[in-house]
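Student: From first to last, the protein sequence lines are chains A and B.
In terms of my numbering, the numbers along the first sequence are unbroken and rise by one, the last being 260.
In terms of my numbering, the numbers along the second sequence are unbroken and rise by one, the last being 226.
Hints were generated in silico from the structure; no laboratory data involved.
Worth double-checking, as some hints may not be accurate.
Just a few of them, taken from the derived set where beta-carbon distance is under 8 angstroms, the chain A residues facing chain B [claimed, not checked]:
1. L24
2. A65
3. Q109
4. A118
5. R120
Glycine included, C-beta positions come from ideal geometry on N, C-alpha and C.
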Amino acid sequence: MMDYEVKLEMFEGPLDLLLHLIHKNEVDIFDIPIATITDQYLAYLELMKSLEMSIAGDFLVMASTLIHIKSRMLLPGRSDEDEEEDPRLEITRPLLEYMQLKEMAKELAEREILGRDVFARNYATSFDEYPDMVPNPDVTLFQLMDAFRRIVLREEGQGNLKVSLEKWSVKDKVESIISLLREKPDIFFEDIFKEHREISEFVVTFLALLELVHMGLIKVFQPSQESRIRLTACFDEGDPSVYGGEDGRTA
Amino acid sequence: MRVIHPFTGERMEEQLKLIIESLLFSADKPLLVKDIQGCLPGREPREIVEALETLAHEYDAMNRSFSLKEVAQGYQIRTKPDYGPYVLRMMKRSATRLSPASMETLAIIAYKQPVIRQEIEQFRGVDTGGILRTLLERNLIRIMGRKHLPGRPLIYGTTRKFLEVFDLNSLESLPKLKEIKEFGIGEIQATQTHENKTPEASAVQEEAVETDPSPTDSGS
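Could you build the full structure based on these sequences and the hints that come with them?
Tutor: Written as structure tokens, this is what we have:
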């Protein structure tokens, strides 16, 4: 087998790939050289296979459509062209529709989008949609870990992260999270890591959070897949001098 | 509490305008004329619309960083795009983004609604389940009902929030499609008879028709 380097472009779907091939070959969409395009299309699928990428069924359906059209084009007796429909129309029409769709998407994307280009008062809260702030308990440990990793990466990106001896205790962090929640009973996940600089501090704070969830003192939820994770207090004003009772479990 | 003083003439109009401005300034969503009227008993919608238009013109003339926009049938003060990057920095967040795939799906729904998932997938040629869920979660699309077809598929449409986010007054103000819209199969065949025509050529056809009677070469 030959060694070669490939720069693989990712295609949304079979139409995207076809459109790409048509542009690349600079051919007229109304007069697609079906043999060339079919060959290139199949070569691309081969490439995907050799890279052990999973090929979605949609790609295979299109491959069979292309081959079918190619065979129909080869059949003799297409002299009465006016009566018989060009078999290529079977892909021309979806392609045209797809091109139009891309155009529509572009038009939309170029508008003055709220939250990207333009802003209005109180926009931050109105966009992220916390529907009536109903706690949605569906945050899994993995989502929390992901969010945690993002925060660490972000801080690392700023070049501010140093690793040093442990100076933080879970107990302290539990206290500080609780005091944050006392001030404001509803905060973002990120808020508890404010002004953290060292990786050990991040970790300890994270452990403290898990501890608090375990004790049922706070609730963690995410209103929707893409929104930020939120923490709410489940203790009454007076209640939590709590920690200290069962403090055996520090990390 | 009396809010409006029985001023007359110009002064009253000035007062009305400033009251409306204060409402717009403090509102956290686009205000409908009806909302404004609710705060100004005895005022006609026409007067309110006039005052809104005056305000919009004044802001433009002042060349401020914001303008008064008409979105989702309502009125809202919004910053101009030039200042977006600074606002984002202040908010410590990145711009709201939609992936190209989400954008395409949203576009189909916007233009073709009411539409079912199968139709959307026909257009894009790929599965859209995950994208639909995201768009629903972000409240950009909504479920309008179920179609009387086998499987009772869900019907999707866009929301009011979609109009707000994309700076549209109503669905009618969606940018007009470049005439590929009516491309039924018949038209494709029609275009095909003009063998040499590229799709680009046919795309500008519409404009060409309008400017046709006065071609530039008639001068020389």
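Student: If a hint holds in the structure, say so; if it does not, say that too.
Tutor: Right, here's what the structure says about each hint:
1. The criterion of a C-beta within 8 angstroms of any C-beta in chain B is met by L24(A), whose closest approach is roughly 4 angstroms, and the hint holds.
2. Because the beta carbon of A65(A) sits about 7 angstroms from the nearest beta carbon in chain B, less than 8 angstroms, this interface hint is met.
3. Evaluation of the Q109(A) hint against chain B yields a held restraint, the C-beta minimum of about 4 angstroms falling below 8 angstroms.
4. Checking A118(A) against chain B: minimum C-beta separation of about 5 angstroms stays under 8 angstroms; hint holds.
5. Given the 8 angstroms rule on beta carbons, the hint for R120(A) holds: about 5 angstroms separates it from the nearest Cβ of chain B.
Going through the hint list in order, the structure satisfies each hint without exception.
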